[in-house]
Structure formats: C-alpha cells, structure tokens
Amino acid sequence: MKRTFTWLLLPIVLAPASTFARPSTDGQAPAIERLDLIRTRLIDSVAADPRSATVDRREASKIAQYWPNWGNFWRNW
Amino acid sequence: LAELVDIASLRGRTRLLVMQGTPFCNLACDYCYLPNRNDRSRMPHEIVGQAVDWVYRNGLAADPLTVVWHAGEPLALPKAWYEEAFVRVREAAPSGASIVHAVQTNGVTVDAAWCDLFRRYRVEVGVSIDGPARLHDLHRRTRDGRGTHAAAMRGVAVLRQNSIPFHAISVITNDSLDSADEFVDFFLTAGIEQIGLNVEEIEGIHATSTIDRMDARLRFAAFLDRVLERAEASGRLSIREADLLLAQMLDASFGSVSGNDQNTPFSIVTISHDGSIATFSPELAGTEHPRHGLMILGHVARSSVADILRSATFVAFWKEISEGIGACATGCPYFRLCGGGAPANKLAELGTMAGTETMHCRLTQQVVTDVLLRRLEHKLQGAPREHA
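Top to bottom, those sequences are chains A and B.
To convert a position in the first sequence, counted from 1, into my numbering, add 26.
To convert a position in the second sequence, counted from 1, into my numbering, add 14.
Derived from the structure by calculation, the hints contain no laboratory data.
In this text, all values refer to a predicted model and were calculated from it rather than measured experimentally.
It is possible that some hints are incorrect.
Here chain A is said to cover these stretches of chain B; the calculated rule only asks that three of the stretch's residues, wherever they fall, bring their Cβ under 8 Å from a Cβ of chain A [as the list claims (entries may be wrong)]:
#, stretch
1, 262–270
2, 346–355
3, 378–390
Note that CB positions come from ideal geometry on N, CA and C, so glycine has one too.
Model the full assembly from the supplied sequences, consistent with the hints where possible.
This is how it looks when you write it as structure tokens:
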C-alpha cells in the first residue's frame, strides 16, 4: 500500500477504570455486573428447552454458519 | 503478557487470511479508512501462491482456513484473475487442507458471471449495504458523488436470482441512529436476513466519525434495542452482534478469554498486494504511523515467522498491545466478553495500542453488551421490559 498516509494523532487518554461501566438509565446497576447470573439463567433455560424462544435459532453451531469468522472483523465496507 | 511469543504456540492459530488482491476501490465512501483506493495495483499470482504457502509452511494455518479477499474492492479485479488465484491457492496448500474463500463487496458490479464463479468455488459473500437509499447514499458514493444504493441493490438482486447466499454489513452513522424502524423495514422488504452492524469508526485516514458524539451511547443503545426488538418480532432477521454474544455466553470456554482475534499474534494474517505481511487488526496493514512507521512485519518471499517474532518491530507492537490487553483485563468489566479491544482502534483514537477504552469499544462492546444483557435478562425473567 502507499506510504504517503498521514496519521492523525489523537491525544493519548488512558481511561481510568471508573469510566468503563456506567449505570443504566433506569438507575439499576449495569447489567454487566450481573453477567454471571444472566449467563447461568441462560444456560439453564437452554438446558430446559433447547428450542426455546430465548435462544431462537442462534445455537452455536448455526452461528458459525451465519457468521463465518471473517464477518466479525470487517468494518466500514 | 509482554513476554515474547512462543513459536510453538502459534501452530494452527491463523483462522483468517486477509488477501489484498488490489487496494483499488471503484467507490469513494466518505468513511473508508483505506489510504490507497486509487491504486490499481494487483497482487501478482506468484504472491498469491507464496502467501498461502507461507501460512502453511510456517505451521500457522488452522483448518479450515478462511481466505477473505478484501482491503480494496475485490470485484474490481477481473473474474479471470480469481480463476487463476484460486488455482494458485489450491496448489500452494497441502493436499487435504480445507480452505474457504470469501469476499466482502460493495455489490455494484455483481453479475451472473460473478455468481457463477462464487458457486463454482463456494465463495462466501458479504455485501455492504447501509440500509435504505436515504442512509446508504449519504456516505457510499462514487468518485463523482453519486449514490450507489441502486447499483448495489441490482447486485443483490442478481445474487438472489442466482441463489447465492450472502449477508449484509451495515455501517451505522449518526444519520442511522434515529431511523431504526426504517432500517429494519428496508432489510425485511429486501429479504436480506443476516446483518452485521459496524459503527462508523475512527480509523486509518478516516480521522473523525459522525457517531463520535456525546449522545451516541444512549442513541446507539436505543437504536440497537429497537433493531433487536423488530428483528426478533420478525422471526427472520439475524443480527450478528446478538448472535455472537449469545454464542460466547453459551460457549464452554467462556471466562477463559485472554485476548481476541485482533490482538492475538497471527490469529489474523493480512497480506498486502505486494506480499507484505501484517497481523493483529487487518486495518493496520498499509498504514504508516509516526512512531511505528509502516505497520508491516515482513514479506512472504523473505521472512519466516521466527524472523518476525525476533524483529524489533514485532516486539514493539506486541509489547504495546500486551500492555493494552493487560490494562483492559485489570480495569474493564467487559473484558471477559471483549478480550482487550482492537489495536487498530486504540492506535487511531488514543495514539497507542497500549490504551484501553475507545469510542469503538464503548459502542461495539459496552453498549452492545449492555443492551443485549438487559434484553436477555428480562426475557429470562419473563418480565415486561422497558426500552433502553
């Protein structure tokens, strides 16, 4: 590729940890703080009914079919 | 993390080989990050063979290996070029190796002959469509400023007439955020049922983003929530972001993440049209940075993986990237799902790959995760859910 590319340097700002997770708009703690609980419930739900609406048609085996690994990387095209 | 990479650990690691058949693009989308879209160079077929040989000879290739033709408009090259390239790929790979070809195209030149090629070589196809013409034509234009939606949709029609499966990747700009219903209606009407959402990034020569706004977080959350609600109600739209997060959460390896494909050495290998080798985020290939210089690590005809691992360039990249992963792992609650962000976005937004939070990760990781977890949580609890 051409070597004439000029990079626009933006200010270096390392975000402190506190900026990562913000409270949700309804005042609840962010859902990310309940990730393990939600995941456990999800797994239980799938185990109870593999065809449940919760997982719909998104079983892992089908996801690979829908989204080949390259589909996740390309952006702005 | 900053330790040198053990070459033995790289065996079978490369799942994605990005091949830049040409840097040229027949369009001039205003958010494109590539610096060299006017360059009509073609990858020599000799380089095609050398590149594939390189990933196998160095023990990198996973099975299957996906070869995506990209980093320029792949269909700007003649069909005959691919006929020869696919032969070179097959000849260079070991017998029995499984290789999947893929293209991500703007769709405007797709015709029946392209479909014939896709069918014969089982090429996986992605088309870039930003939604209805009103949104698409704001940014995806020809060099003389004309919108390309009609041409892209002609290509989509040809794909459908020829029964070629494809998905769409849509760039979400500030203009999209208040138009979730219009966006979904378009895809439902067009019968395009698999959609990936890519927020407009700050990357490469695209130094600003229309979505880099104080209100973007809340507006993107509302957009995504509505898109997911409509997609779910339709029973036929599949949104990549939701699919991938659910797959991650259901995967047995959940919680053991120490990186991702963009920040793990040689998970992705990118070969530029001249045979230059890059790894980590594919967008790093072909860019030049004041501190790092050219973001390339070697050449398929001259460099082994061992050479690259010993090089000062790789060591500097890996040290910086490792620091970034470590900082994300220490401070970010999304790390178990994200794996430490994308080096290309960190470099473009923060000036260093050792950084942490970017606009890109706020929207594509944090907001996506927040919205999806809350939707999932309410669904699992069986409770009525308020909009984000």
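Consistency of the hints with the structure:
1. With a cut-off of 8 Å between beta carbons, the stretch 262–270 of chain B has 4 residues touching chain A; three or more are needed, and the interface restraint holds.
2. Judged by the Cβ-Cβ criterion of 8 Å, the stretch 346–355 of chain B is covered by chain A as claimed, because 5 of its residues qualify and three suffice.
3. Against chain A, the stretch 378–390 of chain B contributes 6 residues with a C-beta closer than 8 Å to a partner C-beta. That satisfies the three-residue criterion, and the hint holds.
Violated hints: none; the structure is consistent with every hint.
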